[in-house]
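Asker: For reference, the chains in residue letters:
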Amino acid sequence: GAVVSQHPSWVICKSGTSVKIECRSLDFQATTMFWYRQFPKQSLMLMATSNEGSKATYEQGVEKDKFLINHASLTLSTLTVTSAHPEDSSFYICSAFNTGELFFGEGSRLTVL
Amino acid sequence: QQQVKQSPQSLIVQKGGISIINCAYENTAFDYFPWYQQFPGKGPALLIAIRPDVSEKKEGRFTISFNKSAKQFSLHIMDSQPGDSATYFCAATLNEKLTFGTGTRLTIIP
Numbered sequence: 024g025a026v027v028s029q030h031p032s033w034v035i036c037k038s039g040t041s042v043k044i045e046c047r048s049l050d051f052q053a054t055t056m057f058w059y060r061q062f063p064k065q066s067l068m069l070m071a072t073s074n075e076g077s078k079a080t081y082e083q084g085v086e087k088d089k090f091l092i093n094h095a096s097l098t099l100s101t102l103t104v105t106s107a108h109p110e111d112s113s114f115y116i117c118s119a120f121n122t123g124e125l126f127f128g129e130g131s132r133l134t135v136l
Numbered sequence: 790q791q792q793v794k795q796s797p798q799s800l801i802v803q804k805g806g807i808s809i810i811n812c813a814y815e816n817t818a819f820d821y822f823p824w825y826q827q828f829p830g831k832g833p834a835l836l837i838a839i840r841p842d843v844s845e846k847k848e849g850r851f852t853i854s855f856n857k858s859a860k861q862f863s864l865h866i867m868d869s870q871p872g873d874s875a876t877y878f879c880a881a882t883l884n885e886k887l888t889f890g891t892g893t894r895l896t897i898i899p
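Protein sequences appear in the order of chains H and F. So for the first sequence, our numbering puts the first residue at 24; every next one is plus one. So for the second sequence, our numbering puts the first residue at 790; every next one is plus one.
Keep in mind that the hints were calculated from the coordinates and are not lab data. None of the hints are false.
The calculated lysine-lysine pairs, modelled on DSSO-like cross-linking and capped at a C-alpha distance of 27 Å, are: (1) H:LYS89 x F:LYS886; (2) F:LYS804 x F:LYS847; (3) F:LYS831 x H:LYS89; (4) H:LYS87 x F:LYS831; (5) F:LYS886 x H:LYS78; (6) F:LYS831 x H:LYS37; (7) H:LYS64 x F:LYS804; (8) F:LYS886 x H:LYS64; (9) H:LYS87 x F:LYS886; (10) F:LYS831 x H:LYS64.
Computed from a predicted structure; not experimentally measured.
Starting from the given sequences, assemble the full structure and let the hints guide the process.
Answerer: Now the structure itself:
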């Protein structure tokens, strides 16, 4: 199946710093990628839709200035958590459609101290 | 708000038994219904999926049953194995945007 790769798989940062997470489609091109957030033992919540060459579309309640999304190419989308705080600690997962199926990355666990 | 309700929240099944997880949706415009399997610390992996014009789909030990009139669909895992122990999410898609169920933590005991 299609491969979606995320990096880093885990990151620990100090409060107030910014963290960038990359999402790559390795064997296909994706004009659209999706970013999800998952708290422990909970379901995935869609944060935003990343669109290649244009602005991301954010879900209601998601701060666009806090979670910056850049979809610079057909194989790369980045999520930057700006001025991170402990409440931003979570599991962030990206996904992309290929041939009608949605594939997920392995996820990036962010811990903000 | 589009919702997908999933039950049970947790499920314990003996090895070799049948695991059944149910989901119900509200929006009849949903056009794709996948099931995902997630192990701790990993991203969800597509298990099996169905479109609303099909009532059943089987892939190995996994079967989706789909009831369009009742707006319900379910995942059946036959001959459940300890390696199937994971969290399972149903989902429904509209315009490539997925709405997830709340998840079911499945534990297969020897």
